[in-house]
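Protein sequences appear in the order of chains A and B. Taking our numbering, the leading residue of the first sequence gets 1, the next gets one more, and so forth. Taking our numbering, the leading residue of the second sequence gets 1, the next gets one more, and so forth.
Be aware that a few hints might be false.
Quick list of in silico lysine-lysine cross-link-like pairs, DSS-like style, CA-CA up to 27 Å [what the hints assert, rightly or not]:
| # | chain 1 | residue 1 | chain 2 | residue 2 |
| --- | --- | --- | --- | --- |
| 1 | A | Lys382 | B | Lys721 |
| 2 | B | Lys525 | A | Lys218 |
| 3 | A | Lys344 | B | Lys441 |
| 4 | A | Lys210 | B | Lys412 |
| 5 | B | Lys484 | B | Lys640 |
| 6 | A | Lys488 | A | Lys359 |
| 7 | B | Lys301 | A | Lys218 |
| 8 | B | Lys655 | B | Lys640 |
| 9 | A | Lys666 | A | Lys681 |
| 10 | A | Lys344 | B | Lys425 |
| 11 | B | Lys677 | B | Lys280 |
| 12 | B | Lys334 | A | Lys165 |
| 13 | B | Lys525 | B | Lys461 |
| 14 | A | Lys344 | A | Lys490 |
| 15 | B | Lys721 | A | Lys210 |
| 16 | B | Lys525 | A | Lys210 |
| 17 | B | Lys280 | A | Lys210 |
| 18 | A | Lys382 | B | Lys301 |
| 19 | A | Lys165 | B | Lys92 |
| 20 | A | Lys416 | A | Lys442 |
| 21 | A | Lys732 | A | Lys602 |
| 22 | A | Lys252 | B | Lys412 |
| 23 | B | Lys529 | A | Lys225 |
| 24 | A | Lys181 | B | Lys412 |
Hints listed in this document are in silico derivations from the structure and should not be mistaken for laboratory results. None of the values given here were measured: they were computed from a predicted structure.
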Amino acid sequence: MKIASHGIRNLAIVSALLLSSLSASAQTVCLPLPRLLTTMPMGGKVGSEVDIVITGENLEDASELIFTHPGLTAKPRLDANGKPEANKWIVTIAADCPPGIHEARLMTRLGVTSSRVFCVDTLQELVQTTPNTTLPTAMPVAVNSICNAVMTNRAVDHYTFDAVKGQRYIVNVASRGIDSKLEAVLIIGDAAGRDLMVERRGGTLDFTAKEDGKHTIKVHELTFKGGPAYYYRLSLQNIPADSPVPMFASTKTVNSFSWPAAGLPEIAGLAEVEPNNGAAQVQKITLPCDLSGSFFPAADVDTFEFTATKGDVWWVEVASERLGRPTDPSILVQHVGGDGAEQKITDVAEFTDIAPPMKPSSNGYAYDGPPFDGGSADIIGKLEIKEDGVHRLQISDLFGGTRNDARNVYRLVIRKAAPDYAVAAWGLHMELRNGDRNALSKPLALRGGLTVALEVVAVRRDGFDGDIELVMEGLPEGVTAQGLKIPKGKTRGIMLLTADQNAPRSLTNVTFYGKSTLDGTELKRPMHMASHAWPIVDSWGEVPSPRLVTGLPVSVTGSEFAPISIAPSEKKVWEVTAGEKLTVPLVHTKRAEFSGTILQLKTSGDGFEGNPRFDVSLTADTSEAVLDTKALGTQPGDYLITFYGSAVAKYRYNPDAVAAAEAEQKRVTDEATAITAEVQKLTEEAAAAASEKKAEADKAVADATAKKQAADAAVTAAAAKVKAATDLATPKDTVDIILSEPIAIRVKAP
Amino acid sequence: MTAAVLPGSIHAQESSPAVSFVNDVVPVLTKAGCNAGVCHAKAGGGQKGFHLSLLGFEAEEDYEHIVKENRGRRLFLSAPENSLLLTKASGKAPHGGGVRIKADSQAYQILLNWIRQGATFDGEVAPRLLAVDVQPGRGTVQRNAEQQLKAVAKYSDGSERDVTEQALFESNDKSMADVSDRGLVKVLDIPGKVAIMVRYQGRITVFNASIPLGAPVENVPPSKNFVDDLVFANLKEIGIPPSPVCDDATYLRRITLDISGRLPTEEESRAYLANTAADKRDQVIDNLLSSPEYADFFANKWTAMLKNRRDDASDITSNFAFYAWVRDSLLANKPYDQMVRELLAATGTVIANPPVAWYKRVKEPKQQLEDVAQLFLGVRMQCAQCHHHPFERWSQDDYYSLSAFFTQVGRKPSATRGEDLIFHKRGVAVATNIKTGASLKPGALGDAIPAIAPDEDPRLKLADWMSSPQNPFFAKALVNRYWKHFFRRGLIEPEDDIRDSNPPTNPELLAALEKHFIDSHFDLKSLVKVIVQSNAYQLSATPNEHNITDVQNYSRYYPRRLQAEVMLDAIDDLTGAKTDFPNLPAGTRAIALPDNSYNNASPFLRVFGRPENESVCECERIQSSSLAQSLHLMNAADIKGKLATGSGRADRLSKSDKPPEERIRELYMVAFSREPKAEELKVAVDYLAEPLLDSAGNPVDAQRAGQEKFQDLIWALINTKEFLFNH
């Protein structure tokens with residue numbers, strides 16, 4: 001029975017995969033976007049120039065390599081003829097560029113790419129140049145250096161270094177924290193490669209040599225995967241015995257956007273004092289307080305007592321997971337009444353987890369929400385004091401029962417209400433194909449006539465419930481941005497960016513923020529952008545790795561257009577009386593053929609979310625949207641909405657390249673034809689030449705024949721280029737999200 | 001003992017005394033097997049609609065079923081002899097179970113008298129059974145001799161009764177002693193310790209018999225530590241002379257296989273044999289225990305029992321992480337109690353805290369308690385889920401109290417399919433006894449556990465209890481398991497079925513090992529060291545005229561077939577081939593495979609019994625021999641491929657310009673860690689010198705002939721017991 005059901009389940013999975021792979025071959029998900037995927041090396045030393053090689057998707061005609069810090073600049077590397085070499089750049093790292101994590105992007109034909117981490121450090125930089133997958137081929141590394149390397153599939157990279165007995169060495173691999181797919185295993189071995197210490201959780205090896213002499217460092221992927229995406233930076237440092245272990249910079253998790261609250265000092269004013277592990281060892285505090293502590297040792301419970309007055313309301317916030325630690329803080333507050341044997345303990349409040357502002361996706365195959373979790377295992381909670389007197393607060397880590405790690409720190413803030421919010425955004429995604437998360441690594445590289453959406457979420461703090469407007473400034477020429485605000489008390493909004501059909505090619509860094517008011521004071525908060533580090537076409541095959549990204553460049557390609565634009569017939573505020581229907585005529589501007597004739601549209605935007613799905617014809621140039629404010633219960637006010645759905649366009653990739661290739665083909669073919677005629681002519685002349693001119697004529701024939709061979713080769717190469725460009729430009733079914741331009745609506749009171 | 005022992009024969013009384021349902025009828029049904037699990041106590045309604053509680057543990061329910069169910073059709077009070085209960089049991093009426101109680105038996109008479117007396121239930125008033133004793137409790141029984149046992153029941157009213165007729169007797173080793181259903185023990189030919197379990201109405205006692213061989217024990221190797229003291233004392237007590245200490249080559253091969261799961265290399269063997277240091281045996285122990293292969297080999301052992309199983313491609317990350325956690329913990333010699341603590345109370349994500357992966361495999365509290373009890377405590381609790389454990393003292397309350405430790409395990413979905421985050425869910429841990437409905441707080445096999453606050457993870461308290469020096473199970477289970485690893489047979493067998501009714505063959509030794517382990521703060525390497533340092537471990541596998549029948553006193557080393565992974569690696573080492581495992585680096589040894597998934601592509605591993613990591617029991621690994629194994633070694637394509645592998649050992653030796661003797665010595669040194677004997681050398685040299693003819697009778701060219709002959713020699717060595725066994 002067990003075997004049968006197992007078999008059936010597997011069959012179902014296989015069938016699903018077959019279906020998805022079949023559809024994958026027939027249909028591409030999302031229009032091609034430029035993505036910068038790797039740089040080699042992945043960083044460099046301050047005050048140096050670094051030659052780097054890049055890889056990525058759709059990177060043709062890259063014109064600029066830009067960074068998130070002005071201390072990093074780049075220029076193309078030139079070949080001997082002074083022409084830029086494909087995918088090769090020289091990066092200059094200024095002497096005052098701060099060490100740490102920065103991000104790189106390219107400006108390409110299609111616009112700006114997704115970003116990739118570029119590290120700046122103070123140590124000597126090395127690059128793995130030859131395979132070092134065995135002990136005999138181990139690469140020697142100097143102490144106090146960083147080696148940039150790529151993991152080979154099914155292999156273990158070997159390094160050696162000379163250790164001095166009694167000296168302390170810190171060995172670290174930067175991988176997941178710099179966008180690599182490498183789940184690193186780090187091993188120190190003896191000279192024979194026999195393992196002495198192992199670290200598999202992305203941590204650091206703190207090794208004091210017991211012997212002088214050669215030691216081995218081995219690095220591999222947890223499941224022995226490898227390839228260009230599995231890159232890493234191995235650092236080896238010698239530090240004094242009493243120094244703290246250095247912290248290594250890393251990208252931030254998405255949910256860290258809600259930390260810290262605006263205006264919070266960088267360092268807490270108070271520290272926990274152990275022992276404070278229970279009722280007999282409480283640490284006295286007074287409110288408000290801002291305190292730092294650690295969940296250490298294992299199963300640590302830190303206990304504090306304070307006095308509070310009935311009716312007081314305090315807000316309790318804890319950061320630990322949002323500081324990048326693998327923790328799950330939990331707080332229990334109790335009232336302590338009576339004394340001694342008469343003491344009575346009453347639970348007052350229990351706090352755990354910050355609720356996600358949007359339900360994140362499950363790990364199922366279908367897309368059922370963004371795989372960016374804006375919530376957290378940390379805490380923001382309201383503490384209402386119900387009785388005067390002593391209160392006991394205990395904080396523990398629900399993940400900490402057995403883990404002895406002093407790095408699992410926390411920050412505990414107890415304050416009077418300071419209403420506020422934090423906002424984050426990412427590229428809107430929807431179900432386009434089962435398992436596909438490709439579109440979640442989205443640079444804002446716009447095509448003419450395209451409207452794209454960013455999904456925006458807010459974490460509200462201390463009871464803040466105001467509207468949050470979404471504002472973007474510094475956009476490229478021809479690009480507009482309109483935010484579907486986060487309504488009062490809600491946590492989700494949409495930002496729409498629309499490029500005019502004729503918007504020129506451009507790139508700007510934009511400023512994106514949320515705007516609200518509190519007691520008449522404007523409350524502006526920066527938007528944190530999130531993205532997947534990698535496009536993922538099969539979410540079951542690879543666990544997504546979302547993170548916050550730095551900077552928000554927006555580009556317009558200037559060379560491609562959206563397959564279709566849907567816009568209201570007039571750019572105006574559409575007015576309707578509450579309780580009546582509003583009909584909005586829509587104009588379709590089609591620039592591609594589509595598979596299918598119907599586009600199903602839903603409505604997004606506060607006040608109109610419940611509007612029933614409606615169909616528009618993909619073959620028609622116009623359509624109508626009808627909005628029934630009575631059925632929707634829309635109250636008088638100003639609204640901004642969009643219609644959205646998905647359609648399968650017959651997309652042609654870079655058709656201009658075909659024309660260019662064909663022009664080149666014609667040019668070289670003409671040259672070849674001319675030289676063929678020349679050879680023919682010279683051959684005839686040589687045949688007729690007098691004997692004293694014979695040698696000279698034969699030489700001319702030989703020279704011309706050599707030229708002909710070169711010309712013929714050029715013709716063949718040009719034909720191959722035409723074919724390649726033609727193949728790419730052959731229409732392919734490509735499914736993508738279609739969004740209308742934003743529509744402003746004013747619902748008037750009856 | 002003031003109470004008189006009442007005669008067991010009730011029907012012999014002049015006037016029939018009152019028959020007790022609880023103390024007379026139910027024992028009769030139990031003895032006759034009516035309420036066995038395969039008969040009327042079968043789960044799901046018994047047999048043919050007649051259901052009895054297992055072994056009569058629920059007398060009141062049994063009374064309801066016998067007397068009242070089906071409108072009382074099973075009893076005929078007006079004509080008791082015609083009661084279905086009797087006519088079926090005695091075979092007068094058709095009965096699927098055959099004749100269970102003969103009509104002329106005392107048992108029949110008890111049932112008849114009970115019905116005649118009105119078939120009453122006396123559960124509230126009958127004296128309560130407190131204990132059952134066996135007389136004698138222990139003793140020495142000569143080989144091929146007999147011993148009558150007497151079972152005596154003790155009741156709450158102070159009375160005692162001879163219940164030999166009603167009690168059940170069972171030998172823990174039928175190859176050593178058999179016992180009749182009337183308590184007559186027949187000892188067979190094998191010397192040692194045997195136990196006879198006596199069961200009566202849920203009470204258990206044991207008769208421990210020592211069976212001496214009685215041979216003179218004169219040449220006992222010197223004692224190197226307490227292991228030797230106690231093994232040799234036992235041998236002297238029962239008169240089994242041990243084999244002598246094995247030679248150096250045998251020792252090196254044995255200990256390398258047992259600690260590191262591999263053959264010694266040729267270089268290691270030569271260096272060891274040439275070493276003249278007095279403590280060279282100890283040196284090799286230290287060297288092996290510090291090797292990564294020790295961690296690989298024992299991680300392989302532990303991860304199988306911890307069910308590190310690949311059911312889905314997406315399991316790979318958690319399986320690798322979990323395997324690595326076990327392996328790294330062993331490499332670092334993390335104290336055993338700490339390892340178990342980290343596993344039991346694991347929280348977080350698999351990547352951040354790999355022991356969490358155990359909770360992916362073992363999801364329900366009852367699975368968790370059963371696995372933990374069997375694996376770490378050597379106690380099999382499964383029976384107690386539904387009824388009182390038939391061979392033990394464990395009740396359903398014990399079962400559910402133990403499960404209560406796991407009731408506050410919280411789960412949250414993670415980004416990885418099939419994987420949860422594990423955390424402690426605040427609250428008071430309680431479990432419900434599904435039979436009584438009682439809410440039970442965490443309890444540890446009869447030991448009181450202080451109240452656990454809602455904020456405290458009960459699993460940590462369980463770990464505290466387990467690692468307490470006073471814990472009667474935790475250290476014992478581990479030392480017994482490790483003892484078995486090195487000696488093939490546990491001091492208690494099976495190694496994970498420790499119970500009062502299954503006593504150790506050398507209790508003093510088990511206690512001393514337990515003490516050593518606790519005193520060393522659960523240091524696994526120290527335990528291994530004290531075991532393998534002993535001369536008891538280093539005895540020759542060759543029996544003498546006396547100890548050939550010994551199977552449990554460790555008077556000689558008991559040879560064992562190499563386990564699947566070790567054998568595959570050994571064949572690779574000897575042939576110079578490398579087995580390629582999917583997605584793992586070239587050169588990965590079979591002993592270092594992280595999970596069971598590699599069995600799919602390896603007929604060798606399957607044929608030689610590599611487990612699928614489905615069971616907490618080491619018995620899932622098949623160590624018995626089979627025809628398929630023999631045929632595989634002789635004919636299988638993968639073995640042939642390894643022999644003929646390009647740049648393999650046969651190829652290299654055939655091209656070597658070294659003298660044939662030297663090349664043959666290399667083979668022996670790799671395969672057996674020893675030089676060939678003169679006769680072996682001569683046979684091999686002669687074989688190499690023989691011309692090789694093809695099927696047409698023509699000589700094969702020299703190069704090919706050389707390759708084939710070395711392949712033949714290696715094939716022959718592989719197929720020797722000396723190669724296939726650790727000895």
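How the hints compare with the structure:
1. A:Lys382 <-> B:Lys721: Cα-Cα ~74 Å, so violated.
2. B:Lys525 <-> A:Lys218: Roughly 25 Å between the alpha carbons, so the hint for Lys525 (chain B) and Lys218 (chain A) holds.
3. A:Lys344 <-> B:Lys441: 23 Å, holds
4. A:Lys210 <-> B:Lys412: Violated, at about 43 Å.
5. B:Lys484 <-> B:Lys640: Roughly 34 Å separates the two Cα atoms, so the pair is violated.
6. A:Lys488 <-> A:Lys359: Distance of about 18 Å is within 27 Å: holds.
7. B:Lys301 <-> A:Lys218: 25 Å, holds
8. B:Lys655 <-> B:Lys640: 19 Å, holds
9. A:Lys666 <-> A:Lys681: 22 Å, holds
10. A:Lys344 <-> B:Lys425: 24 Å, holds
11. B:Lys677 <-> B:Lys280: Holds: Lys677 (chain B) and Lys280 (chain B) sit about 24 Å apart, inside 27 Å.
12. B:Lys334 <-> A:Lys165: Holds. Lys334 (chain B) to Lys165 (chain A) sits at ~24 Å (cutoff 27 Å).
13. B:Lys525 <-> B:Lys461: The hint holds at about 26 Å.
14. A:Lys344 <-> A:Lys490: Cα-Cα ~40 Å, so violated.
15. B:Lys721 <-> A:Lys210: Answer violated: Lys721 (chain B) to Lys210 (chain A) is near 43 Å, above 27 Å.
16. B:Lys525 <-> A:Lys210: Holds, because 20 Å separates the two Cα atoms, which is no more than 27 Å.
17. B:Lys280 <-> A:Lys210: 23 Å, holds
18. A:Lys382 <-> B:Lys301: Distance ~50 Å between Lys382 (chain A) and Lys301 (chain B) Cα, so the pair is violated.
19. A:Lys165 <-> B:Lys92: 89 Å, violated
20. A:Lys416 <-> A:Lys442: 40 Å, violated
21. A:Lys732 <-> A:Lys602: 25 Å, holds
22. A:Lys252 <-> B:Lys412: 22 Å, holds
23. B:Lys529 <-> A:Lys225: Distance ~37 Å between Lys529 (chain B) and Lys225 (chain A) Cα, so the pair is violated.
24. A:Lys181 <-> B:Lys412: Roughly 24 Å between the alpha carbons, so the hint for Lys181 (chain A) and Lys412 (chain B) holds.
In terms of the numbered hints stated before, the structure departs from hints 1, 4, 5, 14, 15, 18, 19, 20, 23, listed from lowest to highest.
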